[in-house]
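Novice: Please build the complete structure, drawing on both the sequences and the hints.
Heads up: the sequence lines are chains B and H, in that order.
With this note's numbering applied, the first sequence has no gaps in its numbers, which climb one by one up to 181 at the end.
With this note's numbering applied, the second sequence has no gaps in its numbers, which climb one by one up to 175 at the end.
Read the hints as simulated data drawn from the structure, not as lab findings.
Note that CB positions come from ideal geometry on N, CA and C, so glycine has one too.
Among the hints, erroneous ones may be present.
As the list claims (entries may be wrong) - The calculated DSSO-like cross-link candidates involving lysine-lysine, where the alpha carbons are at most 27 Å apart (straight line), are:
1) Lys108/H / Lys177/B
2) Lys118/H / Lys108/H
3) Lys118/H / Lys140/B
4) Lys136/B / Lys177/B
5) Lys108/H / Lys140/B
6) Lys136/B / Lys108/H
7) Lys136/B / Lys118/H
8) Lys108/H / Lys133/B
9) Lys118/H / Lys133/B
What the hints assert, rightly or not - Derived Cβ-Cβ restraints for the label pairs, each shown as a range:
10) Gly39/B / Tyr142/H: 51 to 59 Å
11) Leu145/H / Arg130/B: 20 to 28 Å
12) Asn42/B / Asn159/H: 28 to 36 Å
13) Thr141/B / Ser6/H: 31 to 39 Å
14) Arg105/H / Leu164/B: 21 to 29 Å
15) Leu4/B / Ser6/H: 36 to 44 Å
16) Phe103/B / Leu9/H: 25 to 33 Å
17) Ile2/B / Arg105/H: 30 to 38 Å
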Amino acid sequence: MIKLTLQIFITFFRIGCFTFGGGYAMIPIIEHHIVDKRGWMNEAEFMEMVAIAQSFPGPISLNVSLYTGYRKARWAGGAAAFLGITLPSFIIMMLIAMVFTNFQENETVEKVFKGIRPVVVAVIAGPLVRMAKIMKISWKTVWIPVATALVVWLAGWSPVWVLLTAAAGGIVWQRWKEGRA
Amino acid sequence: MNLYVSLFLAFFKIGLFGFGGGYAIVSLIEHETVEKYHWLTTSQFTDIMAISQATPGPMAINCATFVGYTATGGSIGGAALATFAVSLPAIILIGLVVIFLRKVRENKWIQAALSGIKPVTLGLFGAAALVLATPANFIDLYSYLLCAGAFIASLCRVNPVYLLAIGGLTGYFIY
Chain B
1 MIKLTLQIFI TFFRIGCFTF GGGYAMIPII EHHIVDKRGW MNEAEFMEMV AIAQSFPGPI
61 SLNVSLYTGY RKARWAGGAA AFLGITLPSF IIMMLIAMVF TNFQENETVE KVFKGIRPVV
121 VAVIAGPLVR MAKIMKISWK TVWIPVATAL VVWLAGWSPV WVLLTAAAGG IVWQRWKEGR
181 A
Chain H
1 MNLYVSLFLA FFKIGLFGFG GGYAIVSLIE HETVEKYHWL TTSQFTDIMA ISQATPGPMA
61 INCATFVGYT ATGGSIGGAA LATFAVSLPA IILIGLVVIF LRKVRENKWI QAALSGIKPV
121 TLGLFGAAAL VLATPANFID LYSYLLCAGA FIASLCRVNP VYLLAIGGLT GYFIY
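Specialist: Dropping the structure here:
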């Protein structure tokens, strides 16, 4: 049991060291470790886990780690997976925060970030169309993301209220469909 | 309110409502850390987004560690607290999912609620870009040119880390 818990920690620590860009890019890497190398799950179980991890809140990598940890070694496994996946980014971000707070006023750093900031906006906006296609957003449903973006951006609504409204909307829509059938 | 309590609450909320992954969570983090609690300026927040893109780990966790450290004036405890708070909802929810797996998967009301949330996460993704398009981040014509160029490159699926590096290099030479 202790050996398994340790294996879970090491596996997710290694995954955590190499998950650049977050989310979807790392799914094949996680699959390699969990399915091919450790044999903790088969392909079908892995796919089911990814589907669940995507639909729940929280980063996908964290959800997948926790799910695997809990399944293999219950609470100890979950704790080991949590520590493993978060520790690499925790250490790195701590070091950066320590350095950054000292260098923020630095002229060179400021020049570099003046160039980077508008690129961050572009990097976020770029994948929007691709994502709309993956989510199967049509001309009939495109108003939902557009309205969301506008109320959050212009009206300053908290995304929390938009998400709660959307969840309620999904339930009302389901009831309405059933009422008609 | 005590700073540590507000840190915990803000990041717990971010973890609980962080649907959709990736940039969908950015507007929520921005809302809490910049607009509500003023732990960061928009420019500082944008810088963390860029740093987060070039370092391993999910954005929400990177952001929690960074803000937890800086907002408390450099406390490792603050960084650990915020990181734990942002992960706690997932720790609880995924635990419940593993216990009640079948019931969650087959419950049509949960599925209906999730189907409503999905198109909204795309909108939050869009809001993230709009919220960061402020005068502080767009200081002159070069900013707009950089943004336009990077946007086109991004449509052509160029790795965002390269784009950020090119932006930084350009900034160093023109400013």
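Novice: Are the hints correct? Go through all of them and say.
Specialist: Evaluated hints:
1. Lys108/H / Lys177/B: 12 Å, holds
2. Lys118/H / Lys108/H: Holds, at roughly 15 Å.
3. Lys118/H / Lys140/B: With a Cα-Cα distance of about 15 Å, the restraint between Lys118/H and Lys140/B holds, given a limit of 27 Å.
4. Lys136/B / Lys177/B: 20 Å, holds
5. Lys108/H / Lys140/B: 23 Å, holds
6. Lys136/B / Lys108/H: Judged against 27 Å, a Cα distance of about 20 Å means the pair holds.
7. Lys136/B / Lys118/H: It holds: about 10 Å lies between the C-alpha atoms, which stays within 27 Å.
8. Lys108/H / Lys133/B: Roughly 24 Å between the alpha carbons, so the hint for Lys108/H and Lys133/B holds.
9. Lys118/H / Lys133/B: 13 Å, holds
10. Gly39/B / Tyr142/H: 51 to 59 Å: 53 Å, holds
11. Leu145/H / Arg130/B: 20 to 28 Å: Since Leu145/H and Arg130/B have Cβ atoms about 23 Å apart, the given range 20 to 28 Å holds.
12. Asn42/B / Asn159/H: 28 to 36 Å: Holds: the Cβ-Cβ distance is about 32 Å, inside 28 to 36 Å.
13. Thr141/B / Ser6/H: 31 to 39 Å: 37 Å, holds
14. Arg105/H / Leu164/B: 21 to 29 Å: 22 Å, holds
15. Leu4/B / Ser6/H: 36 to 44 Å: Once the Cβ atoms are compared, 38 Å apart, the range 36 to 44 Å for Ser6/H and Leu4/B holds.
16. Phe103/B / Leu9/H: 25 to 33 Å: This hint holds: roughly 30 Å between Cβ atoms.
17. Ile2/B / Arg105/H: 30 to 38 Å: Holds, at about 32 Å.
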